[in-house]
Structures are given as structure tokens and as C-alpha cells.
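Heads up: the protein sequence lines correspond to chains E and Z, in order. When the letters of the first sequence are read in order and numbered with the working numbering, they come out as residues -2 to 334. When the letters of the second sequence are read in order and numbered with the working numbering, they come out as residues -2 to 334.
For the record, the hints were derived by calculation from the structure and aren't laboratory data. Fair warning: this is a prediction, and the values are worked out from it, not measured in the lab. Treat each hint with caution, since some may be false.
Put simply, identical chains are the same to the list, so a pair is met inside one copy or across any two.
[Stated by the list, open to error] As a list, the in silico DSS-like pairs of lysine-lysine whose alpha-carbon atoms are at most 27 angstroms apart:
no.	residue 1	residue 2
1	LYS58	LYS144
2	LYS222	LYS144
3	LYS84	LYS144
4	LYS58	LYS84
5	LYS58	LYS41
6	LYS254	LYS205
7	LYS261	LYS58
8	LYS181	LYS28
Number of protein chains: 2
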Amino acid sequence: MNYRVAIAGATGAVGQEIIRLLDLRKFPVEKLSLFGSSRSAGKKLSTGYGEIEVEEFSEDKLDRLDYIFFATSGEHSKIYAPIAAAKGAIVIDNSSAFRLNDSVPLVVPEVNSAALKSHQGIIANPNCSTIQMVIALNPIHKISRLKRIVVSTYQAVSGAGQAAISELNTQTSDILSGNSPTIKNFTKQIAFNVIPHIDVFQDNGYTKEEMKMVDETLKILGDSKIRIAANCVRVPVIRAHSEAINIETEGYVGVDKAREVLNKSTGITVIDEHVDGGYPTPAEVSERMDTYVGRIREDISCDNGLALWVVADQLWKGAALNAIQIAECLIEQNQNG
Amino acid sequence: MNYRVAIAGATGAVGQEIIRLLDLRKFPVEKLSLFGSSRSAGKKLSTGYGEIEVEEFSEDKLDRLDYIFFATSGEHSKIYAPIAAAKGAIVIDNSSAFRLNDSVPLVVPEVNSAALKSHQGIIANPNCSTIQMVIALNPIHKISRLKRIVVSTYQAVSGAGQAAISELNTQTSDILSGNSPTIKNFTKQIAFNVIPHIDVFQDNGYTKEEMKMVDETLKILGDSKIRIAANCVRVPVIRAHSEAINIETEGYVGVDKAREVLNKSTGITVIDEHVDGGYPTPAEVSERMDTYVGRIREDISCDNGLALWVVADQLWKGAALNAIQIAECLIEQNQNG
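Start from the sequences and build out the full structure, keeping to the hints where you can.
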């Protein structure tokens, strides 16, 4: 069986990757519709299903769809995702609009695909930084419950969209030729710099990105007792987020056991040799589907602790790929019962 | 009174900054001697004390010196620092050779200048990443003892020397013009990438840089019970290291009290507003003498915890400046009795 699929926000950074990955993963598409803003309408995009013209998004185009991927703003999703669902489509939403809504499953298929069974038409795709963290930690959590997570991120600029990538490139050229960089999308120069600020500040001094990593992880792992603190930092990397993660578990796990379960887990590639280059870095992990884990060692600052280095392509596993895997998972669950 | 001062390794990244800072801080120099390798010998460097020719380093040139700064390799320091000290000079050594030696003080003047009193001719300058961390944490440690530190670093390439800076620039240009980057000084591409590996791997899976942050911090703070875990990561920043630090203290400190003591501490500038740009970043902190602290907030993953973002120019406060401040401190202690 093939499906009528649509993408809202088809010309954005994530929308573009959804188009590529539907084809790469041979998603059973009967018809692909691409929706965008009035500015994008009329553009022709080459896809695995031929050249397709972008249509201006409107409510009346949401009829007769099986799956629609929303890769638009939270405000847009909040209004139109329920409408699309009411018209019978299954909505997979990349925004943060529904992630913490109790009646909306928040899913990373490798971790909590069972949550999909209770969906009511909308499924939320988690934040990019959260996805790769829970993929790496869930296999360990299953051996011994996570008590505490401290994570510091090294997040690529493409998480802030295509304009952010251009800004990094332009600023970098400007600085190399001795000119002052122009700042538009970031709060400070991002070329040859790092910025400890992603998304807006919350009352507790954390940024929204940092609190997403907390709240979404608790929901996905289904365990509200885990205590989590995040430091989210933008770095001048084009693509793929990295995370230095320190965890404390209830019982002792140890490096060997952790490496063994990570090695066996779906969606994870372990690169962990104590030699030059024996670890993943974002430049190599761009356009890879797996989450890469390295630098697995005891956290020597606590008794049952581990430290890990986790890298994944945040546009793929952190967004477009995870969204498509959610749809694949639903199809499989329907076929099985 | 003025002093006969020498710099071993005068043409290196740190040596160059010592030359600049002696002048900027009006260090009481009677005569400045610059030593280098045979390759550098004969080069004339402009200094605050006129143009000075670099002499090839040799033992017989170590007579009649008051202070000598070693900005050379650990192997070089290990051999020649004791010889210089035996000849009556006070050696301030930037290498790791003597840092953990019980008879050698390891000093950050703002933190443990009292340790200088027991010196036997050699004083060790700590690792750059350690210096800025202990400066930021010591004022809090004095309110309530530190129990645990988890730190993730964002370290600039200039920590790896001048060749590393050129490599970042060259790789960046190559990538911007569509060519493959050439890798020499790092284990992987550093332009538009991050590398979780600084200095050599140890048996416990940590790198030497990470273990320096542990061992040196315990010695400087004089408290062997603090438990510390570090994740040291190289980022494509030219200059100034950043650190995301999570600490747990014995008692409750709180954000307001922490901000208050940090604001009052010598050598620290607090930039901590919960608005766009209200935090320090390395591009702004290059060639600044202070250690900059921002993003001060409760560590919500433990009961008596704080999270901080700490940035400092690792060539200045992390190396050359701290070394000169050690000498300044010795002069002041001698004058006072």
C-alpha cells in the first residue's frame, strides 16, 4: 500500500531533508504534496517522485492526506496540525507545539515506539538535542535506572535554519579577509566563536532549548524522577550536534557493559578507541542516519557514573529522519495488527 | 628595584604573550633576555624594552637571572628548570613537568598565593583550562565546600600553538573554496568541526588534558576530596577557552549569593543578564585579563548545585598573564617581608 504524503514547510532546512529521506528510505509514497509560504509557492523542487511544484499552504489542501509532516513554526503547527488531524491525516509535527501535551505521543522509535499506539492524529517529533541523547542513554537506563544527567551540547548552526548556515559562511569569509562580521541570526558573532544561548531565556535562568532537553527526556523515557541539567551551546559547525553527557545510575553499569549494550542497540554506532581519531566528530557524522557514541568512560566524579560523547546529524536523526521513522513505525504497527 | 628577566621559548605562542604582557603590566624589568631554539636564534623581536635578539638557549646563559619564564616543552623544563633554579633564578614554568611535584607550588595568585612562600626556586603555572575554572569556583568553594565538579570545555586552537592557528585558518579557507582540508596538527579536521580529544589518552579512558583539570584543581584548592570529571573538547575558536561547569556544594549557596561573591572577586568579571547577548563569549574575551563568568543558575539536577559558563583568554590568564602575576606576587611578598 502506498500513501498520500504532504510536507508543510517543504522549502526549509528540515523540509528539504524530509524530501530527500523519503526517497532514500523508499517510503511508500503514492503522491507527495509540498506546501510552503506564498513566497515559496510556484517553486519547482526535484524529488525522488519527479519535479513537484510547491503550493501555498492552505486549510483546504489538507483533505485526502494519509501523512503530513509539519516542518513549520510552533504557531503554525498549533493552528493547522489539529485541522489536518481532524480531516483524517496523521500529523507528524517537528515543532515544540505539542511535545509536552499529554494526549500527544512524543516519540523516538528506537526508544518508545509503543507510545504511538495511543495517538489521536498528532505525533510530536522531539527536539534534535533530546533525540540523540535519549537514543544513547536508553539502553543504559534499561540496565540501571538513570538518576541524573548533566549534558553540555556543541550544536551546529543548521539547527537555526538555512539563513544561519549562510551567516556562518559569510562571517567566516569576512573575518578571514580582515573585515568585521555582520550579525543577523545569532546574538553574537558565530564564526570562530561559541554562543551559550539557544532559544529564549526562561525564568529559572535556563534557555528554552535547555529545558526542552529536560522535559522531553522525562516524557520519552517515561520517568519523571530523573534529574537533568543541560548547557546548550551553539558552535561554528555546519551540521551534526555533539553532546558531552555525564550520567549517574542507580546501580553500577561500568564501561564494558555500557559499550556492549550500545553496540547492540538499533540506531547506534559506537566508535570508541583510545587512540588519535578513535571517536566520532560532527564533520564525519553529517548525513549519517545513526547516532554515534564514543569516549565511553566511568564518570570519576560519582560512584555509579558514566561519561559519553554523542554525535548525530540533527537535521536527519534529530528531525527529518526521526519524523519519517515515526511514520514507518505506524505503518508497521498497522500491518502487524 | 628592577629585575633581570628571561623567557625560554620566547618565539612560541605563550612566549610572545609574555613579552607583550611584561610591558603592558609595567613589570620592573632591568634586562630582558629572550631564548629560543637554534632555528629562532638571531631573530630580532620588538619588545617594550627595545628590539631584542633571540639567543639560542643554553645552560651557561642561565647565570645572573632573577626570573626566568619557561614556555617550552615539559621535557625541556624537566632538564633545565632545576639548573636555572640552582643558579639562583626563580623559575616560573608553564609546562606540566613540575605541576604535581609536592615540592613545587602550583599557583593561581587569586586563589592560592600563600603556596608561593614555600617555593624552592621553581613555581609551576597550571594548565590553562584549570586556571579559569579554579578562579571561578574558589569564591564559591569558600562559602560552601565543593563536593563535585562536572566540566565540559570548548577550547580554542591557540592552546595547541601557532601552527594550530594557521591550520584552522587554512582548513577554513580550503573548505569555503570547496577543497578538502589538510590535517596536520589535529587528529581530524578542526575547521567547522569539534574534536573531543586534547593531549594523549590515559589508561582510564580520559585524556591527559582532562586529568590535568582533575589533579591540578585538587592541588590548587588544597582539597583532595572534591570529585571532578572533565570532558575536554577542541572547537574552531582562535583564542579564549570556554567552560560549562556544573558543581555540587556541601551546603546551599544559591544564584544570588554566588553572583555576589563572584562580582566581588579579583580577576573576575560577571556578565550575566538573561537577555540576548547577556553572557561572555570567547571572541569578546580575547586579550582580556579577567576571567568572565555568566549563565549562573541553579543546577536543577542536584540539591546544592550551580551551573556556570566561564570564559578566559587561555594565552593570557591561562598562561602568560598568570605566570607574570606569579612573579608580581613574589615581588610583593618579598617587599612585604
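For each hint, the structure was consulted:
no.: 1; hint: LYS58 with LYS144; in the structure: neither (47 angstroms within a copy, 59 angstroms between copies)
no.: 2; hint: LYS222 with LYS144; in the structure: both (7 angstroms within a copy, 22 angstroms between copies)
no.: 3; hint: LYS84 with LYS144; in the structure: neither (42 angstroms within a copy, 56 angstroms between copies)
no.: 4; hint: LYS58 with LYS84; in the structure: within (10 angstroms within a copy, 87 angstroms between copies)
no.: 5; hint: LYS58 with LYS41; in the structure: within (18 angstroms within a copy, 75 angstroms between copies)
no.: 6; hint: LYS254 with LYS205; in the structure: between (34 angstroms within a copy, 24 angstroms between copies)
no.: 7; hint: LYS261 with LYS58; in the structure: neither (43 angstroms within a copy, 62 angstroms between copies)
no.: 8; hint: LYS181 with LYS28; in the structure: neither (38 angstroms within a copy, 50 angstroms between copies)
The earlier numbered hints that this structure contradicts are 1, 3, 7, 8.
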